[in-house]
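Please build the complex by placing chain S on the supplied structure of chain W, with the hints as guidance.
Line by line, the protein sequences give chains W and S.
Under this note's numbering, the letters of the first sequence match residues 1 to 509, in that order.
Under this note's numbering, the letters of the second sequence match residues 1001 to 1509, in that order.
Certain hints may be false.
[Said to hold, decoys possible] Quick list of in silico lysine-lysine cross-link-like pairs, DSBU-like style, CA-CA up to 30 Å:
(1) Lys140(W) <-> Lys1253(S)
(2) Lys391(W) <-> Lys1232(S)
(3) Lys1289(S) <-> Lys413(W)
(4) Lys1389(S) <-> Lys391(W)
(5) Lys1379(S) <-> Lys253(W)
(6) Lys317(W) <-> Lys1391(S)
(7) Lys253(W) <-> Lys1253(S)
(8) Lys413(W) <-> Lys1232(S)
(9) Lys391(W) <-> Lys1330(S)
(10) Lys253(W) <-> Lys1136(S)
(11) Lys406(W) <-> Lys1232(S)
(12) Lys116(W) <-> Lys1406(S)
(13) Lys1413(S) <-> Lys116(W)
(14) Lys1301(S) <-> Lys136(W)
[Unchecked claim] Here are a few chain W residues that face chain S, going by a calculated C-beta distance under 7 Å:
(15) Gln111
(16) Arg240
(17) Leu321
(18) Asp326
(19) Asn328
(20) Phe332
(21) Ala355
(22) Asp368
These aren't lab readings, by the way, just hints derived from the structure by calculation.
None of the values given here were measured: they were computed from a predicted structure.
Glycine included, each C-beta is placed from N, C-alpha and C at the ideal position.
2 protein chains.
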Amino acid sequence: MRQLCIVFFTLSVVLSFAQSNKKIQSFISSSVNQHRWLTEYAEFLSIPNVFGDSVNIYRNAAKIQEMLEIRGVKTSLLNSGVPGSSPAVYGEVKVPGATTTIIFYAHYDGQPVNPKQWAEGLSPFIPVLFTDRIDKGGRKIPFPQTSESIEGNWRLYARGSSDDKAGVFAIIAAYESILKTASKPTVNIKFFFEGEEEAGSINLNSIFKRNLDLLKSDVWIICDGPRHTSGKKLVVFGVRGDVNVDLKVYGAKRPLHSGNYGNWAPNPAMRLAQLLASMKDENGMVTIKGFYDDVIPLSEKEKKALEVIPDVENTLKEDLLLINPDGNGKSFKELLTLPTLNINGFQSANVGEMASNIIPAEATAVLDLRMVAGNDVDKQIGKLTDHIKSKGYHIIDHEPTDEERKQYPLLAKVVKRKGAYNAQRTPMDLPIAQRAVQAVQATVDYPVIQVPSLGGSLPLFLFEQTLNTKPITIPIVNYDNNQHAENENLTLQYLWEGIETMSAVMMMK
Amino acid sequence: MRQLCIVFFTLSVVLSFAQSNKKIQSFISSSVNQHRWLTEYAEFLSIPNVFGDSVNIYRNAAKIQEMLEIRGVKTSLLNSGVPGSSPAVYGEVKVPGATTTIIFYAHYDGQPVNPKQWAEGLSPFIPVLFTDRIDKGGRKIPFPQTSESIEGNWRLYARGSSDDKAGVFAIIAAYESILKTASKPTVNIKFFFEGEEEAGSINLNSIFKRNLDLLKSDVWIICDGPRHTSGKKLVVFGVRGDVNVDLKVYGAKRPLHSGNYGNWAPNPAMRLAQLLASMKDENGMVTIKGFYDDVIPLSEKEKKALEVIPDVENTLKEDLLLINPDGNGKSFKELLTLPTLNINGFQSANVGEMASNIIPAEATAVLDLRMVAGNDVDKQIGKLTDHIKSKGYHIIDHEPTDEERKQYPLLAKVVKRKGAYNAQRTPMDLPIAQRAVQAVQATVDYPVIQVPSLGGSLPLFLFEQTLNTKPITIPIVNYDNNQHAENENLTLQYLWEGIETMSAVMMMK
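The shape of chain W in the complex, shown without the other chains (with noise of 0.2 Å):
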């Protein structure tokens, strides 16, 4: 099958099928190697990622030094400078003759987690296998003994397996698997391993500038995101940018008796979800005034791209068990190029057993906004705002004082939350975008999808801005798992092939 020839073509370019390095895939498929890399990754991932968590995120910025430095590359962290911040990890390889020079991104820090969400028997920082995806009947298995088969489709349920110290992990592993095969990367290679995307990359910009010098090179390649849903590989040229803002409204100063003042005390949390429920219509498009305005239109090569990606809607509907999906009739794909406004969750008092009969003082809503090529952040928000006025509210940024709650009838406090950045797009043309498009299509035997731009977001732009370099994400994790939320998992099959992609794009042609 790898060596089926369909003639292809996307975007003019003539696509070669699955010319993978024998060496390299050999190496990767070997049990051995396997086990050593599962037991290996299962320690990094047994170390707490949450950003904030000082000592942890040093603890894994130390061992992924300690990956690196086993593997024979001289590391070093460069820091922000800032009190608190996570530093980065870098590495470098110089490779005789090479005149390009990559440099290979990923994150080491997750999603901040709520234990007690996580599935029984789970713990998000102590990896566990299963057979399968919990929910489609997987089951608990011990890590197995060298003597026994790795399976690719068993998952490792663990906080950061996918998103993404998966990246962290592929990348360091594809150096090895290159070093190890005797096989010659073909540029020159830059590690950079990020500690706090998770929090808005608040103090990236800080490293950038203070190693203007060291983080020179030709491309930065972003090893980050799911796959597509159809399981094929792509190479992304762009992706959302985005924002969280805190949304908070209130009702009387302290939490009352819902019987003693039931019917004449305002409840905020009915405030609440009234305002959240004038901003979007029932299919779930955005009614904030002029919320799609700004952007910026696809490009006819991305819109051609954006054609060639296989429709997900229907596994996506069996698989999610959606029936009526939001977009008023939108494909997929094309909602996934426009501004979004998601509740990422919203709380007033406590619910279940510790519900009790009052009219809560207060309720709160944290909100993301994803912004497109075209959008800028504040003018956003400025939208937002002007909404939250028009329904008559007084915008403050503080808790409101005595005199606030006197003088206005209806107050809103909304807070932008730091670490919010614009949209990026690296033009689909690019050379050295399209010669590492090719690396990847090697490794298989179907088109590579190209997509124009992520619904997901990193801050990119600040690549383009601080270090004038574009970058382009190279996704490498199986698309359900779990990313961001509790039971989070990877399916193992797609760490071999993340290793294998970033072999291939370290020895690009």
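Chain S only, in chain W's frame:
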């Protein structure tokens, strides 16, 4: 002041002012007794009293038995026979020559607690004294030495301090005050202290049915809830009914990355916001079809009683810092005679530091619906579910199966909680009730407020239905006690006056 003679007519009953029992007053205001009571009460409050925590529930019951027994009252525990239910503590004092029997009721269980929500330095079951309400600048002070005087405006913070261990303690200390001053009760006294009122008195009827003879009486005096916002004593002839409903809506089968699926995967938090928002207008009036139907209008007597209740809107607005109450211009008093729909709390995924960039998989709200005379619990819930259906939802009473998710685009789980009950009203001209009013009246020099129906709820319909006895309610605690919420507290002066009130009722003419 106490003998101030104002001729005041209400409901054609001439009130006599402040003919209080000097011996009793002196006993209650004695520093020795107040110190002893404060210590004893703090011990009582330090026993956790959340329904379901059986070990501590029984410790509370044992403590109450001990407090009664050392005052010479023989006690027993009345069980419902339902496993895991809380016992009621029963005690009895027969008075030679008495022809009237009164059962004094209070409950010793408290609302659930979330210790994190309590003010810094407060723990729900470690009673702490403050010089005033914390948010009014009260300072934490140690429990006083016996040589120090106790200030009436001190606040005692703890779960149950007001709701309703204060009722239990005031009744017991009232009996002690009669006993120790060689005063004489005019009625046979029965004590009945319930242990699961906050769980909706789900087993109270079983206890009643098993003890029909033991619980014979002429009236039940319910000592629960706060005095009037003006600080005045009041007697209440009715309560609203109450039912809690859990409401849950669903999105995709698992939480999703908000970038990779944003704009396409429906957000259940938004769905719940839209659903809740559709239930009330911007003035807080319920828009569910027929919601205010079925309400029996107040009688002429009840209307007149309502008219003479002091208006409290301005006090409440000032205290709660609310300048725009709900209710479409209706008065506070009138609004309490209407049914309610209130959000106790809602939650979807996480807010604050725990928030992550996901589209949640589900969103939950807990509603409480208060009923007034004429409303029926199930009929009222029927109106709610009809409304939810009218918004396109298919109603289920369980977590959705995969088949249901595939069949219905919108699913809402609606579960009526146990412990639901209808409203109850005792006629205001019932002779025994008016004797109790006179007793309370004798302790103060202003007209005692008579309320046809309280905003709050108690399962008082059971007393009529199973025991064929009318209940009336005599609240004793401060209105700003944070009942049901965090930072529950009791103003000590209200406890002392509550003891006097209960003594007076035990010696009613």
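Outcome of the hint check:
1. Lys140(W) <-> Lys1253(S): Holds. Lys140(W) to Lys1253(S) sits at ~21 Å (cutoff 30 Å).
2. Lys391(W) <-> Lys1232(S): Cα-Cα ~39 Å, so violated.
3. Lys1289(S) <-> Lys413(W): Violated, at roughly 33 Å.
4. Lys1389(S) <-> Lys391(W): 28 Å, holds
5. Lys1379(S) <-> Lys253(W): 34 Å, violated
6. Lys317(W) <-> Lys1391(S): 22 Å, holds
7. Lys253(W) <-> Lys1253(S): 37 Å, violated
8. Lys413(W) <-> Lys1232(S): Answer violated: Lys413(W) to Lys1232(S) is near 37 Å, above 30 Å.
9. Lys391(W) <-> Lys1330(S): 23 Å, holds
10. Lys253(W) <-> Lys1136(S): Given pair Lys253(W), Lys1136(S) holds - Cα atoms ~12 Å apart, limit 30 Å.
11. Lys406(W) <-> Lys1232(S): Roughly 26 Å separates the two Cα atoms, so the pair holds.
12. Lys116(W) <-> Lys1406(S): Distance of about 28 Å is within 30 Å: holds.
13. Lys1413(S) <-> Lys116(W): The given pair, whose Cα atoms are some 22 Å apart, holds under the 30 Å limit.
14. Lys1301(S) <-> Lys136(W): Roughly 65 Å between the alpha carbons, so the hint for Lys1301(S) and Lys136(W) is violated.
15. Gln111: Given a least distance of 4 Å, the restraint on Gln111(W) holds.
16. Arg240: For Arg240(W), the interface hint holds, since the closest Cβ of chain S sits about 6 Å away, which is under 7 Å.
17. Leu321: 4 Å, holds
18. Asp326: 5 Å, holds
19. Asn328: 10 Å, violated
20. Phe332: Because about 5 Å separates Phe332(W) from the closest Cβ in chain S, which is inside the 7 Å limit, the hint holds.
21. Ala355: 4 Å, holds
22. Asp368: Check passed: Cβ of Asp368(W) comes within 5 Å of chain S, closer than 7 Å.
Checked against the numbered hints given earlier, the structure breaks hints 2, 3, 5, 7, 8, 14 and 19 and satisfies all the rest.
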